[in-house]
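Starting from the given sequences, assemble the full structure and let the hints guide the process.
Which chain is which? The protein sequence lines are A and B, in order.
Note that numbering that gives the first Met the number 0 gives residue 100 to position 101 of the first sequence, counting from 1, and the numbers run on in steps of one.
Note that numbering that gives the first Met the number 0 gives residue 89 to position 90 of the second sequence, counting from 1, and the numbers run on in steps of one.
Be careful, since some hints might not be right.
Far from chain A by the CB rule (all over 10 Å, computed), these chain B residues [said to hold, decoys possible]:
{"#": "1", "residue": "MET58"}
{"#": "2", "residue": "PHE175"}
{"#": "3", "residue": "LEU249"}
No more than 27 Å apart at the CA atoms, straight line, and that leaves these computed lysine-lysine pairs for DSS-like [as the list claims (entries may be wrong)]:
{"#": "4", "chain 1": "B", "residue 1": "LYS367", "chain 2": "A", "residue 2": "LYS12"}
{"#": "5", "chain 1": "A", "residue 1": "LYS396", "chain 2": "A", "residue 2": "LYS434"}
{"#": "6", "chain 1": "B", "residue 1": "LYS76", "chain 2": "A", "residue 2": "LYS12"}
{"#": "7", "chain 1": "B", "residue 1": "LYS140", "chain 2": "A", "residue 2": "LYS8"}
{"#": "8", "chain 1": "A", "residue 1": "LYS509", "chain 2": "A", "residue 2": "LYS525"}
{"#": "9", "chain 1": "B", "residue 1": "LYS76", "chain 2": "A", "residue 2": "LYS8"}
{"#": "10", "chain 1": "A", "residue 1": "LYS12", "chain 2": "A", "residue 2": "LYS131"}
{"#": "11", "chain 1": "B", "residue 1": "LYS76", "chain 2": "A", "residue 2": "LYS433"}
{"#": "12", "chain 1": "A", "residue 1": "LYS124", "chain 2": "A", "residue 2": "LYS204"}
{"#": "13", "chain 1": "A", "residue 1": "LYS304", "chain 2": "A", "residue 2": "LYS361"}
{"#": "14", "chain 1": "A", "residue 1": "LYS304", "chain 2": "A", "residue 2": "LYS138"}
{"#": "15", "chain 1": "A", "residue 1": "LYS131", "chain 2": "A", "residue 2": "LYS96"}
{"#": "16", "chain 1": "A", "residue 1": "LYS369", "chain 2": "A", "residue 2": "LYS525"}
{"#": "17", "chain 1": "A", "residue 1": "LYS204", "chain 2": "A", "residue 2": "LYS304"}
{"#": "18", "chain 1": "A", "residue 1": "LYS204", "chain 2": "A", "residue 2": "LYS131"}
{"#": "19", "chain 1": "A", "residue 1": "LYS12", "chain 2": "B", "residue 2": "LYS140"}
{"#": "20", "chain 1": "A", "residue 1": "LYS509", "chain 2": "A", "residue 2": "LYS396"}
{"#": "21", "chain 1": "A", "residue 1": "LYS525", "chain 2": "A", "residue 2": "LYS368"}
Quick look at which bits of chain B chain A covers, simulated, 3 or more residues with Cβ under 8 Å [stated by the list, open to error]:
{"#": "22", "stretch": "140-153"}
{"#": "23", "stretch": "276-289"}
{"#": "24", "stretch": "296-307"}
These are computed hints drawn from the structure, not numbers from a lab.
Every residue, glycine too, gets a C-beta built ideally from N, C-alpha and C.
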Amino acid sequence: MLSRKVTLKNQFKEIAIYRNRMMVSLLIVMGLMILLIVWVANLQISHYEKYRTESDNNRIRVLPVAPTRGLIYDRNGIILAENRSVYSIEIVPEQVKDIESTVQRLSQLLDFDEDDATRFFQELKRTRERFKKIPLKSKLSEQQVARFSVNRHAFPGVSIEARLVRYYPYGEVLSHALGYVGRINDRELQQIDSENYRATRHIGKVGLEKYYETQLHGTIGSQRVESDVQGRVLRVLEQQPPVAGVDLHLELDLPLQLAAYEALDGHRGAVVAIDPASGGVLALVSTPGYDPNLFVTGISTRDYKALLNDNRPLFNRALRGQYSPGSTIKPHIAWLGLESKTVSTQYSIDDNGVYFLPNDEKRRYRDWKKWGHGNSIGYRRAIIESCDTYFYDLAYKLGIDRIAETMSDFGFGESTQIDMGEEVPGLMPSRAWKKGARGVHWFPGETVITGIGQGYWLATPLQIANSAAVIANDGVRYQLRMVKSIGLAGEQQTILPTLAQRQIDVGDGKHFARIQQAMKEVNHNKVIGTARSAFLDSTYLSAGKTGTVQLFGLGEDEEYEAENLAERLRDNALYIGYAPFENPTIAVAVVVENAGGGGSNAAPIARKVMDQYLLRSTEQGEQP
Amino acid sequence: MSSASHTHKERQSLAWRLHIDVPLLASLLIVVAFGLMVLYSAGGESESLMYRQITRLGMGLVVMLVMAQLPPRFYQKWAPVLYSAGILLLFAVLLFGDKGKGAQRWLDLGGFRFQPSEIMKLAVPLMVAWFFSERVLPARKRELLIAVVIVFVPTLLILTQPDLGTSLLIASSGIFAIYLSGVSWRIIFGFSLAGIIYAPVHWFFVMRDYQRERVLVYLDPERDPLGSGYHIIQSKIAIGSGGVSGKGWLQGTQSQLEFLPERSTDFIFAVLGEEFGLMGVILLLIMYLLVIARGIYIGVQAQQTFARLLAGAIVLTFFIYLFVNIGMVTGLLPVVGLPLPLVSYGGTSMVTLMAGFGMLMSIHTHRKLVPH
Numbered sequence: 000m001l002s003r004k005v006t007l008k009n010q011f012k013e014i015a016i017y018r019n020r021m022m023v024s025l026l027i028v029m030g031l032m033i034l035l036i037v038w039v040a041n042l043q044i045s046h047y048e049k050y051r052t053e054s055d056n057n058r059i060r061v062l063p064v065a066p067t068r069g070l071i072y073d074r075n076g077i078i079l080a081e082n083r084s085v086y087s088i089e090i091v092p093e094q095v096k097d098i099e100s101t102v103q104r105l106s107q108l109l110d111f112d113e114d115d116a117t118r119f120f121q122e123l124k125r126t127r128e129r130f131k132k133i134p135l136k137s138k139l140s141e142q143q144v145a146r147f148s149v150n151r152h153a154f155p156g157v158s159i160e161a162r163l164v165r166y167y168p169y170g171e172v173l174s175h176a177l178g179y180v181g182r183i184n185d186r187e188l189q190q191i192d193s194e195n196y197r198a199t200r201h202i203g204k205v206g207l208e209k210y211y212e213t214q215l216h217g218t219i220g221s222q223r224v225e226s227d228v229q230g231r232v233l234r235v236l237e238q239q240p241p242v243a244g245v246d247l248h249l250e251l252d253l254p255l256q257l258a259a260y261e262a263l264d265g266h267r268g269a270v271v272a273i274d275p276a277s278g279g280v281l282a283l284v285s286t287p288g289y290d291p292n293l294f295v296t297g298i299s300t301r302d303y304k305a306l307l308n309d310n311r312p313l314f315n316r317a318l319r320g321q322y323s324p325g326s327t328i329k330p331h332i333a334w335l336g337l338e339s340k341t342v343s344t345q346y347s348i349d350d351n352g353v354y355f356l357p358n359d360e361k362r363r364y365r366d367w368k369k370w371g372h373g374n375s376i377g378y379r380r381a382i383i384e385s386c387d388t389y390f391y392d393l394a395y396k397l398g399i400d401r402i403a404e405t406m407s408d409f410g411f412g413e414s415t416q417i418d419m420g421e422e423v424p425g426l427m428p429s430r431a432w433k434k435g436a437r438g439v440h441w442f443p444g445e446t447v448i449t450g451i452g453q454g455y456w457l458a459t460p461l462q463i464a465n466s467a468a469v470i471a472n473d474g475v476r477y478q479l480r481m482v483k484s485i486g487l488a489g490e491q492q493t494i495l496p497t498l499a500q501r502q503i504d505v506g507d508g509k510h511f512a513r514i515q516q517a518m519k520e521v522n523h524n525k526v527i528g529t530a531r532s533a534f535l536d537s538t539y540l541s542a543g544k545t546g547t548v549q550l551f552g553l554g555e556d557e558e559y560e561a562e563n564l565a566e567r568l569r570d571n572a573l574y575i576g577y578a579p580f581e582n583p584t585i586a587v588a589v590v591v592e593n594a595g596g597g598g599s600n601a602a603p604i605a606r607k608v609m610d611q612y613l614l615r616s617t618e619q620g621e622q623p
Numbered sequence: 000m001s002s003a004s005h006t007h008k009e010r011q012s013l014a015w016r017l018h019i020d021v022p023l024l025a026s027l028l029i030v031v032a033f034g035l036m037v038l039y040s041a042g043g044e045s046e047s048l049m050y051r052q053i054t055r056l057g058m059g060l061v062v063m064l065v066m067a068q069l070p071p072r073f074y075q076k077w078a079p080v081l082y083s084a085g086i087l088l089l090f091a092v093l094l095f096g097d098k099g100k101g102a103q104r105w106l107d108l109g110g111f112r113f114q115p116s117e118i119m120k121l122a123v124p125l126m127v128a129w130f131f132s133e134r135v136l137p138a139r140k141r142e143l144l145i146a147v148v149i150v151f152v153p154t155l156l157i158l159t160q161p162d163l164g165t166s167l168l169i170a171s172s173g174i175f176a177i178y179l180s181g182v183s184w185r186i187i188f189g190f191s192l193a194g195i196i197y198a199p200v201h202w203f204f205v206m207r208d209y210q211r212e213r214v215l216v217y218l219d220p221e222r223d224p225l226g227s228g229y230h231i232i233q234s235k236i237a238i239g240s241g242g243v244s245g246k247g248w249l250q251g252t253q254s255q256l257e258f259l260p261e262r263s264t265d266f267i268f269a270v271l272g273e274e275f276g277l278m279g280v281i282l283l284l285i286m287y288l289l290v291i292a293r294g295i296y297i298g299v300q301a302q303q304t305f306a307r308l309l310a311g312a313i314v315l316t317f318f319i320y321l322f323v324n325i326g327m328v329t330g331l332l333p334v335v336g337l338p339l340p341l342v343s344y345g346g347t348s349m350v351t352l353m354a355g356f357g358m359l360m361s362i363h364t365h366r367k368l369v370p371h
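Below is the structure:
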């Protein structure tokens with residue numbers, strides 16, 4: 000083994016070098032260790048606050064907690080809009096690798112249509128919060144929940160959530176009275192207080208739900224939670240509970256609403272019932288309606304298309320339908336004639352079925368009764384029998400501007416300011432209106448037909464009902480309102496004030512009483528009252544006025560024959576009334592499109608509605 | 000103290016006869032115990048994880064004891080064989096290796112998967128020590144060149160896998176052996192200068208994109224806060240938020256709530272920093288220093304050139320190991336993917352590490368009575 004090299008090896012020198020190198024190494028090791036300590040100390044002492052804060056920001060999150068939406072009750076305390084727990088399948092985009100394939104697989108597993116997926120992807124595009132759950136499919140059936148639960152492991156980042164979702168137990172009956180909530184869309188997102196709506200998915204879209212959105216929504220709460228990297232909440236550190244939305248207690252009377260809905264029996268039309276003493280809306284029906292529940296979690300294309308038919312179920316006829324009020328405004332005009340002393344109570348005309356303007360022998364204004372109502376028709380018979388000729392004459396004598404001014408006092412041509420939004424103001428024509436809107440002069444003949452509530456005159460069923468309430472109320476017009484009181488559940492309710500919008504100057508009130516008497520005879524005069532058959536055998540006294548509005552322009556000599564006309568061209572049937580005659584508690588307007596005569600088609604509906612309201616106390620032993 | 004009298008007493012003990020160096024074993028066990036405590040927290044108090052780690056440590060201890068029984072002469076004799084076999088296996092990996100996590104490091108030998116680069120961690124210092132063992136030191140330039148080739152062939156092979164961390168360790172172990180052989184400071188500085196000049200060449204022509212990205216993200220972790228920078232950002236938050244005294248064992252929010260990735264493996268130091276604070280960090284470094292100091296002592300006491308160079312290379316490489324890991328976890332160095340020795344969960348590296356310590360024990364317990 001001994002080689003030449005070994006003999007040359009100098010062990011002492013080698014060891015000396017080695018020890019020297021090891022000492023240097025040890026010094027470097029210790030130096031580097033001190034460097035590490037200084038470096039770590041820099042993190043842990045100098046930058047401690049910064050990293051502590053970042054560590055807290057990692058684990059602590061503030062989660063918004065949605066407030067519970069206020070409920071809506073009728074005047075009897077029956078719930079009309081509630082919140083139900085609904086299962087929905089939701090996805091946290093951050094935790095899903097391939098969202099499209101996940102949605103695809105879920106749609107196969109749970110069998111839902113493309114609309115849900117489309118809506119999901121729209122929302123996905125919009126949202127910026129990576130950990131926020133986005134709903135994919137709402138209202139899961141128990142079967143779907145079960146099927147997902149079994150396959151849950153295959154869908155990380157997907158979960159089933161129970162959420163409170165609006166439910167309208169009476170569906171179509173109240174659709175036009177309550178409106179509905181739906182998912183918040185882009186436009187709404189820009190208008191709302193995004194902080195307060197962070198946890199909210201639904202917003203009032205239409206009707207009361209929209210008008211009272213602020214009150215119904217409530218105030219968002221928050222939770223400070225500790226969560227792990229997956230966003231799983233481990234514990235709640237602190238919380239500020241949300242403030243629930245306030246409940247709405249409506250003037251609306253559910254049994255009355257149901258009766259009105261049934262009485263309309265699917266026809267296109269509207270019934271509005273008002274408490275004359277307060278302006279509270281007791282019933283507001285527009286048929287056909289729709290199921291508002293369809294809109295809450297997103298309506299499918301198929302369901303939505305089904306609602307776009309000729310009957311226009313989405314159209315709120317009570318608030319937005321503009322009809323010629325027809326003969327229902329004759330009492331108003333008659334009162335104006337008497338009160339303004341344009342005609343006396345003794346004034347009468349001879350009616351042979353045709354009226355001519357004083358200076359125009361060519362244009363004939365025909366009465367609905369071909370041979371007229373006979374001689375000596377005074378204001379009383381003109382109302383009871385609904386004599387057109389009397390009102391042609393009276394309107395001409397009054398002049399359009401005086402009619403327009405007074406009819407505005409009854410609420411025509413202006414918004415009722417009901418707490419619903421949406422309503423249209425209708426149209427009370429006048430000389431100034433025509434000049435402004437059409438740039439044309441007013442013709443005297445237009446005044447003549449205004450006298451029977453036709454021509455340019457347009458009114459909503461709400462306004463027509465309100466005008467009946469004004470008569471029932473001896474000339475006082477209250478602001479209409481749906482909501483009687485609001486307040487948090489279990490707390491003091493704030494009762495909304497009754498506001499008188501207008502006090503019509505009725506002088507000594509004698510003429511007003513005369514008109515009311517005449518309206519009573521419309522219902523109760525067994526010989527000539529136009530609504531006599533509808534109110535036969537009624538056990539209480541009521542007042543009313545029928546209206547039949549011609550939609551089809553007949554030639555001057557043509558006769559109206561319902562059988563020969565297309566259904567859509569038939570007359571609209573109208574009726575206004577109130578009851579009981581002394582101390583009225585309900586004023587009603589009925590409009591039924593293309594139904595024919597008001598006496599035989601609208602009055603019976605009003606009778607049913609009044610009966611329900613006034614006679615139920617004897618049946619059920621309770622005051623409405 | 001006189002090594003002769005010292006060894007005389009030692010020789011009578013049971014530990015000596017079993018070739019166990021008690022101070023080294025004790026300092027290793029202290030680190031291991033502290034490491035297990037940190038791992039228990041980092042692993043989410045998983046018992047199965049603890050069992051597996053303890054099993055692996057047990058295996059490591061057994062390997063260490065077995066290695067300690069073999070005399071340094073045995074290692075010297077087999078060093079060229081082991082090294083040659085390692086080189087062959089590295090070529091085999093290059094040609095037939097399995098890919099795992101985007102790198103080709105594994106060799107499948109009939110169901111038994113292992114990384115030949117682990118062999119090289121020991122084979123390179125063995126080979127360099129063998130190469131210098133019978134030569135006059137300091138070596139001549141031609142011999143130095145051969146030694147450098149011995150080091151860089153396996154280093155480059157491993158770098159191409161690519162495995163930056165391991166190649167760094169292997170290069171270090173070889174370079175340390177050369178350095179300890181007494182190569183002149185002039186040459187050392189000369190090479191350092193050459194390295195600095197070579198660095199940009201390496202950057203543009205040798206490094207893979209992901210390695211470059213690692214360096215870039217190291218320089219500025221915010222560059223990729225959700226990707227590769229995420230690790231280092233979360234790690235720094237964990238350590239920094241630990242403060243001086245730490246959040247308490249099992250109380251680290253970064254670790255327990257899983258914000259810290261790879262917390263039981265490469266980034267376990269951040270768990271320690273978060274839960275035990277600066278105190279814990281200093282404590283761990285002192286424990287490591289005990290191991291290193293004992294290793295240096297063994298090297299200085301060694302009688303043959305081969306044993307000296309081997310001992311020095313092993314112990315200094317161990318330091319590089321921990322320094323690079325702590326450096327990367329604390330954001331001082333780029334992320335190169337090395338575990339914290341004796342503490343991180345898993346890896347064949349644990350066994351290799353213990354084998355190295357076994358060689359240290361072998362060197363110390365096989366000394367002749369009269370060295371001079």
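Earlier hints that do not hold, by number: Hints 2, 10, 11, 13 and 22 contradicted; others consistent.
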